[in-house]
Structure formats: C-alpha cells, structure tokens
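Asker: For reference, the chains in residue letters:
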Amino acid sequence: MLAQSVFLILAVVALSSGVMVITRRNPVHSVIWLIVTLFSVGGIFLLQYAQFLFAVQIILYVGGIMVLYLFVIMLIRVETVAKQAPYSRQWAIGLGAVLVLACELMYGVYKGVESFHLGTPSRPPVDMNNTEAVAGVLYNNYMLPVEIASLLLLVAMVGAVLMAKKRFE
Amino acid sequence: MTPVPVEYFLLLGTGLFTIGVVGVLTRRNIIIILMSIELILNAVNINLVAFSHLYGNVNGQVFALFVITDAVAEAAVGLGLIIALFRNKETVNADEIDLLKW
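These protein sequence lines are chains A and B, in that order. Sequential numbering from 0 applies to the first sequence in numbering that gives the first Met the number 0. Sequential numbering from 0 applies to the second sequence in numbering that gives the first Met the number 0.
Please note that a few of the clues may not be correct.
As the list claims (entries may be wrong) - Covered stretches of chain B, going by a simulated chain A footprint (3 or more residues, C-beta under 8 Å):
| # | stretch |
| --- | --- |
| 1 | 16–26 |
| 2 | 32–46 |
| 3 | 64–72 |
| 4 | 75–82 |
| 5 | 90–97 |
Hints in this document: simulated from the structure, not taken from any laboratory. Even glycine gets a Cβ: it sits at the ideal position worked out from N, Cα and C.
Bound conformation, chain B alone (with noise of 0.2 Å):
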C-alpha cells in the first residue's frame, strides 16, 4: 500500500481551517461559532498527526490528545456561557450582544 503525500493531509487541514474560519467570520449563532471553533482544531490535528506519521514518531499524536482535551473544555465552558447567556439576554446571536460596543 503506497502511503499517501502528507502535502495532501495538508491541503485537507487547510481546507477544513478555511471553512471553520469563515463560519466564526460569518455566521450570527453563536453554537456554531462554537461548532466552526470545533472545526478549526480537528484541522490542526490532521496536521499534527499527518507529520507524526512522516516521521514515525508518536509526539505529534500526544500533542492532538492535548488538543482534544482543550477542545473539551473549551466546549464545556462555551456552552455554559451560552446558557447563562440566553437566560439573561433571550437571544444566542453573536451580533445582539452589543452592550460593550459604542
């Protein structure tokens, strides 16, 4: 089985961080600014674990483990921001929540 170039899981981690990008950028509900937040880190692990693979060397998996673990708490914290946010403002859309701006 010929391996596959890791320019290709590149191009994939590229791809896949361009499209969480542009749903932050873009999209009003704040769960899936959260949900492209997600995005964004599964496509730093293809990169990490495609050049552990390169290098046959298990360091690049440990550091997507740890990724995993932020990705949790980032997911548990974000989400109970969230409802704390909609008991008090009734609304989820990043751009109602505008008490800072001037």
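Just chain A, with the same shape it has in the complex (with noise of 0.2 Å):
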C-alpha cells in the first residue's frame, strides 16, 4: 500500500512536469520542469530496487546534461525565442498522429498484461547488493559492449568539439 501510493505520487509528478516541459515559452522554465522529472524518474528507479542507477540518474542527468542544456541555452538568445510561436504549423497533425499511437500502446499494455501474467512480481530483488549486481553483469557479460560505448563516447566527445568549433578548415 506504501509502495503503490508512492509510486502514485512520483507517477502525478513525472507526467505532470513533463507536460510543463513542452509547454512552457521560456527553454529555461522547460529545463527546469525536466530536472523535476528526472528527479521523480530517480525515485521511481529507488521504488524498484535500482539504487545505482538511481545514483546515475541524479549525478549524471541531473548534475552533467542539464548543466549542459543551461550552457548552451545561455549561448544563444533566450529572450527573442521565448517572443517566437511556440509551436510549429503541422501541431494538429501531429497530435493526431501521437493519440492514434497512444491507443495503440495502451491497447498492446492491456493485451500484454492478460497474455503475459504480469502482474505478479515473481522473485524478490536479488540478496547481493545492487550496485555489485551490476557490475558484475556488466563487466563479465558485457565488456565488448562496454568498450564499444566508451568509444562511443570518445566519438561524440571529438564531435562535440569539431561541430563547436568557430570555422573548420
């Protein structure tokens, strides 16, 4: 009963403040909504077990993208975009195009749960602790992995860089 009212309020949260996100004028104000979000997005990763993506989650979305959206929201102009029309001509086709999505995912979550027995969570979390859980899975099961995203990252990094840069020669 705890659990599920928790989970209810952060849930009221997260869909609220995302809503906040893409409606506000001001790119600062939608920032500010989504780190809202993250934050309840955290607490909904500790609800299940996940205490280090949890961690992950706030250091790293919070504290590491965020700080880098406000960066570059500070670059360019905030006042003249938040003047401009929010949103764009096509609006009412897309958000036809989004309904007609959402049913058919809600109608493949109803059918999902009355095929797959789901409602019932079978096992208790495992008795390790979760942090060492995921480093062991992820550094015997998925080093290749591992590798490929630290050079994913090496890639973006040097991207970063060249696409910032002031002319490229």
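Got two chains here, separate frames each, mind docking them using the hints?
Answerer: And the structure:
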C-alpha cells in the first residue's frame, strides 16, 4: 500500500512536469521542469531497488546533462526565442498521430498484461548489493559493449568539439 | 510492503513516451525537441528497470545504463550541432531550417 501511494505520487509528478516541459515558452523553464521529471523517474528507480541507476540518474542526468543544456541556452539568445510562436504549424496533425500512437501502446500494454501474466513480481530482489550485482554483470557479460560505449563517448566528444569550433578548416 | 504491479510502470512509461513524442512533433525550438528525446529515453529506462525488477535479474539495469550512455552522447553532439547552427543561421527554430526543402 505504501509502495503504491509512493508510486502514484511519483508518477503524477513525472507526468505533469513532463507536460510542463513541452508547453513552456522559455527553454530555461523547460529545463527546470525536466529536472523535476528526472528526479521523479529516479525515485521510481529507487522504488524498484535499482539504487545504482538512481545515483547515476541524479549525478549524470541532473548534474551533467541538464547543466550542459543550460550552458547552450545561455549561448543562444533566449529572450528572442521566448517571443516567437512556440508550436509549429502542423501541430494538429502531430497531435492526432500521437493520439493514435498512444491508443496503440495502451492496447499493447493491456493485451500484453493479459497474455503474459505480468502482474505478479515473482522473485524478491537479489540479496546481493545492487551496485555489486550490476558491476558483476556489466564487466563479465557485457565487456565488449562497454568498450563500444566508451568508443561512442570518445567519438561524441571529438564530434561535439569539432562542431562547436569557430570555423571548419 | 506489497510490490507495485508491473503494468503500472508500463503505463507510466507509455505516458512519458507519448509526452515526449508530442514535444518532438509540435514544438519549434530545437532545444526543447532534444529535451523531449530525453523524456522518451527515460520512458524506455522505466520499462527496462520494471522488467529487471519483475524477473529479479540485473541485465535490464545494465541495458538502462547503456541507454543513459547513448543519451549523453546524443546530448553532446546535438548541442554542438545547435551551437553551429545558431552561429550560421541565427535561428533555433526547426521549421526555419528548410534549405533542403523544395
């Protein structure tokens, strides 16, 4: 009962601040609301005994990526952006398409819960420490993907520096 | 403490995903489009962690870690592109960048 009410609060906060993210005119306000969303998604990770992901969510997303967004917003001129029309001309078509997509996804979840008997968490969480368990799987079973991810980060870093440079030569 | 049924998490993930897609399709500002993509990736992470918890298996959490890595790379490259774009075209509106449109 307690877990369900905590989940309900976190879900309502996440969804409503998500709506605020996409409706604010000023990008800085959007970033602030996105931080609220990310915090509540982190709380949902904690509710499912994923403590390591919770820490990564707070440190990396809220502490890293959001600060990067704020820096870039500072570099472009926010006050002119906030005065322009926020929505594109084809917003009605987009909304209709998303409505169809949402119905489809809801139907998929509904049928999937019926046929896969999802509602019963079968096992308790592993009795090992969560960080230990994640590290074990990450460095034993997913060694090559970790290396590929590090290569991806290197490429992204070089690419970001190259694109933000003054001129291409 | 009775556990929360997994379909609640799936519905929350669906809701966040839908909000993110609405943001991508209806907003003009490229920075807010990138933020909507972050919302979509977070919705995926909720689903991965929910199934990881359901089956008592941390593989889903490792996948969520890889998704976060990709989100970081995407944010870095995307924001670099936005800076280059703003320097050359003086705009961050997605519908004003129409050089390849006939």
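Asker: Does each hint hold? Answer for all of them.
Answerer: Here is how each hint holds up against the structure:
For the stretch 16–26 of chain B, the stated coverage by chain A is satisfied: 10 residues place a CB nearer than 8 Å to a CB of that chain, which reaches the threshold of 3. Note: the stretch 32–46 of chain B has 8 residues with beta-carbon separation from chain A under 8 Å; the three-residue rule is met and the coverage holds. Beta-carbon proximity to chain A at under 8 Å applies to 8 residues in the stretch 64–72 of chain B; the threshold of 3 is reached and the given coverage holds. Coverage of a stretch by a chain is defined here by at least three residues with a beta carbon nearer than 8 Å to that chain's beta carbons; for the stretch 75–82 of chain B and chain A the count is 7, and the condition holds.
Counting residues of the stretch 90–97 of chain B whose CB lies closer than 8 Å to any CB of chain A gives 4, so the stated coverage by that chain holds, three being the minimum.
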